[in-house]
Structures are given as C-alpha cells and as structure tokens.
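Novice: Since the structure of chain F is already known, use the hints to place chain H on it.
Sequence lines, in order, name chains F and H.
Per the numbering used here, the first sequence starts with residue 1, numbered consecutively.
Per the numbering used here, the second sequence starts with residue 1001, numbered consecutively.
Source of the hints: derived by calculation from the structure; they are not laboratory data.
Bear in mind that the values here come from a model prediction, so they are computed numbers and not experimental data.
Only true hints are included.
With the Cβ distance kept under 10 angstroms, some of the chain F side facing chain H (calculated, not the full set):
(1) Val197
(2) Gly199
(3) Tyr203
(4) Leu205
(5) Val211
Backbone N, C-alpha and C define an ideal beta-carbon position, used for all residues, glycine too.
In case you want the letters, here they are:
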Amino acid sequence: MADQTQSTPLDLRAIAPHLLLPLAIIGVVVFFAALQPAMISGGNVVNIMKQSSLFFFVAAAQLVVIITRGFDLSVGANVSLVSVVSSMVMTSLLPGLGVEIGVFAGVCTGLAIGAALGAINGVLVAYARINPFVVTLATMSIFTGIATTISGGFPIFNLPEGFSFALNQMTVLLLPIPLIIAGAVAWGLHVMLTRTVHGRVLYVLGDSNEVAHVGGRRVREHLFFAYVTSGILAAIAGLLMTAQTGSGEPNLGTSLVLSSIAAAVIGGASLRGGTGTISAPIYGALLITCLSIGMNLQQINGSLQPVVIGAILIFGAALDAYRTRGR
Amino acid sequence: MAEHMIEPDAALASGHPAHKAGETLIELRDLDKSYGAFKALQGMQFELRAGEVHVLFGENGAGKSTLIQIICGVQGFDSGSYRLFNEPVSVMTPALAHDKGVSIVFQEFSLIPEMTVEENLFLGHEMVQGMRLAKTEMRRKVHAVLDRLGFALDPRARVRTLRRAHQQMVEIAKALLWDCRVLILDEPTASLTDQEAAQLFDIIEQLRADGLGIVYVSHRMPEISRLADRVTVLRDGKYIDTVQMAETSEKELVQLMTGRTFDEFFPQITRSAGDTLMQFEGVTLQRGMAHDLSFKVRRGEVLGFAGLAGCGKSEVLRAAFGLEALASGEITCGGTRLDRHSPRKALGNRICYFPSDRATEGLAMSQNLISNSTVAALDDNRFSWRGMLLKRPAERSFTQDIVEKLKIRTPGLNARADQLSGGNKQKLMIARGLSREFDIFLFDEPTVGVDIQAKLEIYDVIKTLTEAGKAVVIASSELAEVMHMSHRVIVMREGAIVGELDGDEVTEQALLSHFFAHEEPAAQTAGEVN
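This is chain H alone, in the form it adopts within the complex:
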C-alpha cells in the first residue's frame, strides 16, 4: 500500500474504506524516548487497527503527547520499532506522516484567524496549476470534504469569526482533506459544549465506519465509554495495559491510570454556611451577557453556577472580580459597595479569581513559575517592601512550597509556564490563591482541559478552602462537577438566574429541567454525566 500516496479524490468520492477493518495500521514495540535524563517513554507498546477508536489514557506527563508526537513525526524516538502500514519506519517527519495519510488535530488550534476556512484548509499544501493557485479545484475539494462530514460551514468565512466548535470542525476537515487513514485527536472536546461534542462524536463514529484508525487522547470518562473500542493506559511514561472497552469499567481504568484505588471521585465537603461575604443586587452587565442578578455568597459553603455554555455564568464571576462593567445594580463585599470595581480592588477586598482561559488571562506563558505564582500578591508585605522592592527569597520559597503542596510537575522553578502540561498549568494558577489572604475564591471552569489526577487535586484544594471557612464559587459547564461539588447551585439561562437549588434539591433531574426552557431534559445530555 506504500504507493497509495496523496489521492484524495478517490477516497473522498467513493467513501470506500482504504483498509479492511481490523488490519493493523500502526504498530509500536518497546519504544523508548528520553530527554536528557528524563525518560518520557519507556517500553511503550501501541497498536492501531483500521476501523477502531483507540483511546490513550493517562495523567499529565504520562507520555500521551510524546507518543502522538512520535507517531506523527514531530519527535523522534531512541529505540524500539515503529511500523506504519506494515512498513518499518526509521525516520519520520511531519511532512512524511502527512503524505502517508497520518493526520493530527492538536489541542491548540493551528488555524490562522485572519484567513478564510478555505485558505486554512490548504495552508502549506496549496494546489497549483502552473504558477497559479487552482482555485476552482480547491473549492470543489473543500465542498466535497465539508459535505462528507456534514458540516455547514462557509468556506469563505474568516476563521476568526467562527465559534470554537466550528474552528474545531475546520481542523478536522483539514485533517481529512487529503487521503487520511490515521486520524489523531488530542483532547478534541476540551473547549466544546456538550451539544457540540455530541456532534463531533457522530462524525468520529462515521469515520470509524469508513475504516479509519482513530487515536483519541482524552481523560473524560463519558466520551471514552461512548467512543472507545480499546484503551491503552500510560503512567509515568510507562506502558501499563491495553484493554477492550467492552470488558472494562471506569473504575478499573482510573485504577490502572493512577495506580491506586478509585474510592469517591468527588470529595465530601462539610458545609458550615456563615456570614454573607458578597452580595449582588439587581446587577445587569453593560455587555448584556447577564441581567438582574441577585444572590449572596456565604462563608463555608460552595456556591455553584450551572447552565449551558454562553448562559452568562462566567460573566457573573468576572463581574464579581471587576472584569465586567455594570450597567445597573450593585455588588457589595463585606458591607461596602464596590464602585469602580477592578481586579486590583477585588484582590484588595480579598477576592481571588481563576479565569477559565489560562492561556490569555491566567498565566504569563513565557515567564517562570515564580513570576506566575506571586503576580497577584506583589504589593503584599510578604513578597515586597512597600510594593517596590521584591523579596526574592520569599517568592522562591513560596513557589517551592506550592510546587510540593500541589504536586506541580516542572523541570524547575525557573521553567517557563508554557513548559508545563495542562493540569500543571492549572495548578500553578491556583497557587495564586495561596499567595495572600483571600476570603472569596471564584473558580471559572476549574478543571477544563485537566486530567483526572489534577482534577482530584483541585477538588481537594476546594474542599480545604471551604472547610477553612472561605467562600467558594464555581462556574462549570461540567454538570457532574457543579452538582457534586456545590452545596447550593444557581442555574442560569440566557443571562438570567432561572433557579436556585439548595442541599438535597441539587439533583441531576432538577438541574437539567432548569437548563432548558421548554424542552424536556435531553437524554443525550443526561448520558454524559458521570
């Protein structure tokens, strides 16, 4: 099959599987890869067959990323064997992988926002006729691939104008534009809403039926149980096991991954609701994302905000932290009204906020761990003299402490934030909450794009804070999370509060019935809850 190179139209038009189901596409045996003294992969085994979804499952730093990077040629390997389509591979490059039909959809999008969908699809692989771009031909191909995937996308739309879910579709279309036999998806649902994710799953199932081999990296249990045929578990760069999804359980997988037993996923947080620390009264935001908000934030309990993506729950947290301007209403904190609210004022009022978007608001990616962990507390006596001169030893020892306490995996304190994996980035950001005295903690999507181990550690932080008498507010699109972590849940829909549930009233059924205005709670959404 080696001569079977770029021949996109044949595969697209016919829709015939390029491979028979069950045929081995990728085979890795005893693969090792080290960076200096750090063994990223040891004795890795992996096999991908045509017509299967093979999930890679493991914590941050378990080696999943290294493995897929080796498969698609971004990284080399030290020893072991790599067979692609039954041919041994000695040197692999991204270009070669692409030519052979191995496509990857990265977690971080590779699209250029200012270019159109069409231009992005052909980026770097433009078709030419003589010296000119073969525009008609390219347009035809774009339509073919979009039709095949059932995406209603305008090829001439600029990527910047698309929603994240649609950008993801463009990424997938880009991977499938050329004859693709192996598709690698790296946490594809990290930024999608439940409905968008469901649409993606349908496409994946269709591609599997077409005979593609799909490598799927994820740590979200519901989607793993829905999609996976087989699961390969990695831990600390070592191969643990490959199991048939049909013969295993979530419990067993988590046990394999963490090497410890799976007791209770969500911690039991003791509630001891105390004084009201913060109060919203008739708050309407200038940008119109939320209106007429009135609620109280109390000590010693977790207040959850639930609702579909875009319902305004994140904006509520942003308003509490001074990142959204108010059109009317007032926010009071400790009895005083927060006028001309700003993050600086919020921090001064002992309010701490963890944004959902780590990359743009949370962490300064090319600064080191120390800079990132103390940035919100630089005028505190602990880290500076009168907000002028830094107390560098104090910064260093604080950062060292939180690295140990939150088990942040890092090459060192002077490593840049972007050298950490997703879960460790999140933990680094959360470290900020420990850098000075806070009373109110606002978590916006606290565990988005974070693996299970890090998730448990973050839940533990939330438990500790709440039980120490702090007020915790969580906004989460993950229903199970907001349901199990919160003592009190406020449900939002289209920018308004549509319900408040307390204690035992917080059930999946009750939450879902508030999510949707008229329709019954969709069975599919319910199915995605842990």
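So here's chain F without its partners, still in its complex pose:
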C-alpha cells in the first residue's frame, strides 16, 4: 500500500480550489476595467485597497465564529455602536485633553466596547447555551437601538482631523494605513488560528463540541473568546470606518451583516463549522469590494448591490455544500 501514501506531485483537483478565488477576483477587476478604465487608475486601486481592508475586519469577525459553527449577526450593530460611542468620547475629551489623548481614549473605548459586546454574545452562546442565531439577532437589535438612542439618530461631527489622518489617510511606504493594520491583524489571526492551542480548539469544537469536551478542552471558554475576538475585530472595523467617514454614524454598519457572512463563506469558510482559514475573509473582502466598486463606477443602481451580495452568499453556500457532499 506504499503508493497510497505518496502524493501525486501536481494534483489539479487539489490546487483548483485555491486558485478559484484569486482568479475570480482578477476576473472581476479585468471585466470592469474593460468597461471602465478608471477601475485600474491609481486612485481607484488605493480605494479598493482601503475599502477591502475595512471590510476585511467584519469578514474576519465573522470567520472566527463561523469556525465554531456559529455566526454573528450583530457585527454591523457593533460597528455602529463603536462608531457612535468612540466619536462621542473623542468630541467630548478633545477640548480639555487635546488631540492625542482624545483620539487615544476614543480608540481604546471603541475596542473595549467591541470586546464587551462580543463578551455579551459569548456569555449567551457559550454559557447560557442559546443558539447563536437567536442571540446575535437579538443583540443586533439591542446594539443598534442603543447606538441610535445615545446619538439621537444624528451623526456625530467635529471629529479631530488627527483621527481621520491616523486611521485613514496616512500612508506607510506608499501603502494606506488601513491596509497596514489589516495586514498586521490578518497575520495575527493566522497565527492564532494555526499555531495556538486556542485556534486548534476552535476548529475541533466547531466540528464537534463533544469531541472537544471529551478531549478535555474548556469548550465554553474557547467559545466565549471566539465571540470576544469577533467583537474586537468588528470594533476595529467600526473605528476605521468612522475615520473614513469623518463622523460617528449610528447606521454605519447596517449593511454589513449579510455581506460579512457572504465574504467569509465565499472565501471558503463552511457554515458547518470546523473549517476556514484567514484566506477566506481576505479573498471574500477583495471579491465583494471589487464587485461593489466596479458596479459603482459603472453607475449601476445602488439598490442592486444587495441583490448581488445575496446571490454571492447563496453561491458560496452552494460551493460549500458541493465541497462537503457525501460527508
């Protein structure tokens, strides 16, 4: 049976899934560039990099919980609440404490809120054992309601320019700062998922809670921290998006729920849990951002975009069903 353990040097069927998404992304860019050369203009390329970096964080937030066979419908609400509260903190501290401290406090508050919202989801899913769909559907409503209430429904203006500069306009070695942050976080997440005990356990418990439990893993703790991680990632998205908009927006994340799931799933994470790597939110974010920017350039009606996102989600889920057929 020696030949069984030998792997064939070039197995196209094994490589094909890894090539599919990069090819699809290139295909989308080429398609829109053919219709509208502005697609590959310098300015637009920077735009694509920035947008997909922002979007990467919500897709990654989704990935971490999808691995555990859950998902997080509250990422968008988290983004909105973080945007509103961190903006309020910054504008109120600015006159007294100056730009640096004000921005720093705003960012820390944003991250802390993200972690807290994730912890609420985590407690309810991991310790109270409530279905993640129900939990995050409810917290989505709650967080959105709080964001709207404390902001009175209006955007919060007069954010310090230093904030927008530091988290959006700055470039390092010609690369926009959101891309740098996304790269660093992606690397960190990759290390967490593949090289830490926590990451390993997330995959195992996503496959089967019982197996992880019988294997002596602290299932509830790991599950809890997956939701906290997801909350923090969503908060980073909230801060970066606020820096881009230049104001705290109570409905900043409304459209992100479905598209974040779509990005993670089309990127290769399975809703059955237990699979998905860091490449899923990266490819997913790039694909959806390129499509969306391309459609904007073509001046396709903005109302059609949700149609495309929905179709992508179904297509991604169908691909997943195809991959795991017979299992």
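Specialist: Just chain H now, kept in the frame of chain F:
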C-alpha cells in the same frame, strides 16, 4: 427479465421468488478500479446467485466498500465486466440500480431523524396521484412490507424516537419496499445487541428463502458461520478466493484474509495486579443508569465490565471520566476524591477514555489526523508552550510515529478523520492514549465496527499497556472479548453490579448465568460466542 421493473405489489403480495434459486444475479469479472495511483480493486471476481447469502470478507481497506459501491452504482469501474441479471452493465447509477431491484443498507444510516418511518420509506420515491401524494396507497404498502418482515413498527413514529435496532429495520424495510432482488447489507449488526441481531438473522434467512440474492459485508465470525452460503475473501484490493461456507473453517478464512496463520485470537496478558488506582464507593448516577457501584481499579490487570446492552456498563466508564454526574457516592483516584469531575480533570488525573461512539465523541471528523491525535494533550509541554502556542513539529512527528506504530492506513497526515475506514478511525482514537502519560485506560466497546486485523492490533495495545503496569478497564457487549481479555470481570444488570468473577472463575457459563436474572442462559446467545 429486463422489463421486470418497479412492480412492488406483485412481489410483495405473492411472496413468490422473482428468481429461481441458483440463477446468477450478479457477475463481476476481472474488475479494476483505481483512485489515482491507488488501486482500490484489482482483478476482482464476484458472483451472486438467487437464494444465497454471499459474504464479503476482508480487512479494512481490502476493497469491500468499493466493491459494493460499484455494484449499486455509487462508484464506476475502470475495466472488467459487470453483468446484472444476465445483462452487461456499462454505466450504473444509484437510481438505475434501485430501479432494477438492487437495494443497499449502508452502515451509516440514511434515515432522516425528524421524519416519520413512513416518510422515510418513501423519501425520494414518493407515490403521487396527480399533484397530490397518494397517502392511502403508501400507507397500504408500508403495512404490507412491515407485515412481510414481521416488524412491529408504527409507520407514524418519528425515526428519532426509535432505537437503533428499529432504525435498522426501517432501513431494511426501505430497501424491500420496492421489488428487490439483490439486497446488500454493509455490517448490519455493528450497532445491534445480540437479541436484535438474532432477529435480523431470521429476517435474512426468510429473504433468502424468498429467492433474494444477499450480499453481506461483515467481519464477525459467528454471524458469518450462521448465515453465509459462500464467502469471497479480499485482501489489499485483490480477489483471494471464493469458498463454500460448509467446506471451510474460521481458521481458514482468517488465514485467507490476513495472509498469515491464525494462532491465538486473544493475546495472553500477564497479570501483575498492583496498587488500587481508582475506587468507586456507593456511586449512583444522576441519570439513574447505574446505582450503588463499588469497585476498585488496579494496576497491571484488565478489569472487564460485561452485561447486556443498556445494563449501565458504559455509564460506569463515563462516570469514571467525568461525563456522568453523580447523585451520591464518591470516586477516588490516587487517594484524592474527584469532586466536580470533568473530562479535563480526568485527563489531569491520568485517566484516558475511549468512547464507544467514535463519530460524535471520539474524533473530530473534518479535522486532520494531527488535530485528532493530540487534542487531549494540547496543554502538555510535549505539544505546546504553556498551553498557548502549539509545538507543531512535535505534533507532526508524534502523529507520524503512531501512524506507523498502529499501522493506520491513511492518504497522509493531513487527511481528514472521516477519510479513514472504521478500524483506522478506532486506531487513530486510541493514539490519543499515547499522547501523554496515563495510568488508567477506559475502553468503551474497544472493537465495535472494527475488522479482525484492527481488532488484533487493538488487543495488542491493551496487552502492552497492561503489562507496562497500567490499569485497563474494558466495557464490552462482545462476550468473548470481555471474557478473554479480562483478568477480573464485573457483570452488570439493570444498572447494578450483580457479580464479580476473578481469574479462573471467568467462564462463559458463569458470565451468562449472571446476565439474566431468572432465565437460564439462552442457547442462542451462547452460540454467538467465538
């Protein structure tokens, strides 16, 4: 006979054999099938006649599954000939096989738990009248088939509520609902108790008398000797021989299968009972599956738990590993009381447990071999720095070692657990016991659904552990296994310990007399013992 398509009622109502006994139903000649460079089948020969039970016998990975999948059209074949009902087959699909009357009962059940028996039976083949489901007609047919098989099942019961044995009956009823001439059973008794299996054998014998051709995949000797007319032996994807059951012996079959002589099936394990490592005192479980348990687990010996399925022996092991909550009593390990017991605490106390249900508790099926082999030892210094960062090279080399040591057949270390066959899955799970230092090993049904070769290898692991001074506890529904492997046997009935036998007292007669409260040991049960 090609026009003889779906005509279920004729066959059901009359009960007449569709074929004369002895007529050839399936004929495979020189069949080859490869997956890439891996030759799954080479020069396979197989013939099935009407009115016979033809057993496929071989180790894991010998090609039995590939063969039955080719017969029922799930897999294609590369070369050779396949004749079904005397007609050459070039392309076979599952739907075509079903239409022609080839039905298969898979090892893994294909029933939908939330649907009723009736709905499951017609799943995908619903009968319609115009646009509506022909419910009356379907109900009538269900009754006909259940009556024919003598199953007392409520067609409206949800499958989820049925016991495994009854689910198996639904599977068989599903196969026989339509005119069926070839029935393929893939290890049908894997999850049945002895009595349930005996009932299944009666049905199989009845179907054989009706003139069906039955392909039966199993590696359990007692049922092979009871049922088989002919046995085809496979080894490493190659056809070895087809023998008449009447003219062969268990010894010869195992020799054909393994290619080596059959000496002693069960190993001789040297007993050197030492200190008590674990003690149960008056333990009663919250779920009420077992009560008033008191016993000791000692180093250097194998303690067996015997009893009928559902007697509570598995729950005892689960309690020892912290998977069952105690209502009263206490479990001590190494002199300390195990309060707030959990698997994590058990592992910390050097207790290792191998669940009987590999699929739900044992292995993370879509994770790779490495994840599965080290999952219980991730906070050990061997595989991580302070339980945080993984030592991946150590994990990889450990997994490589156990793959070689336990002879796990796998496409590679990164293969998913569900790509392995039953015996190899079991070995992968057992690998966990070698991932860190343990003193107590709890085996719940260590060889269920495992072929003979893997069984021998697992027994060898148990021997090595015991002789190295570890404490081994086995709970097994297979009487021969628990009898021959254990130095001391505790017999359970209805959740209570009813007897403890030591050394020479462990005999079949003594065990069986404890199994049953009032009745004499049933002859039929005794007959199933190797």
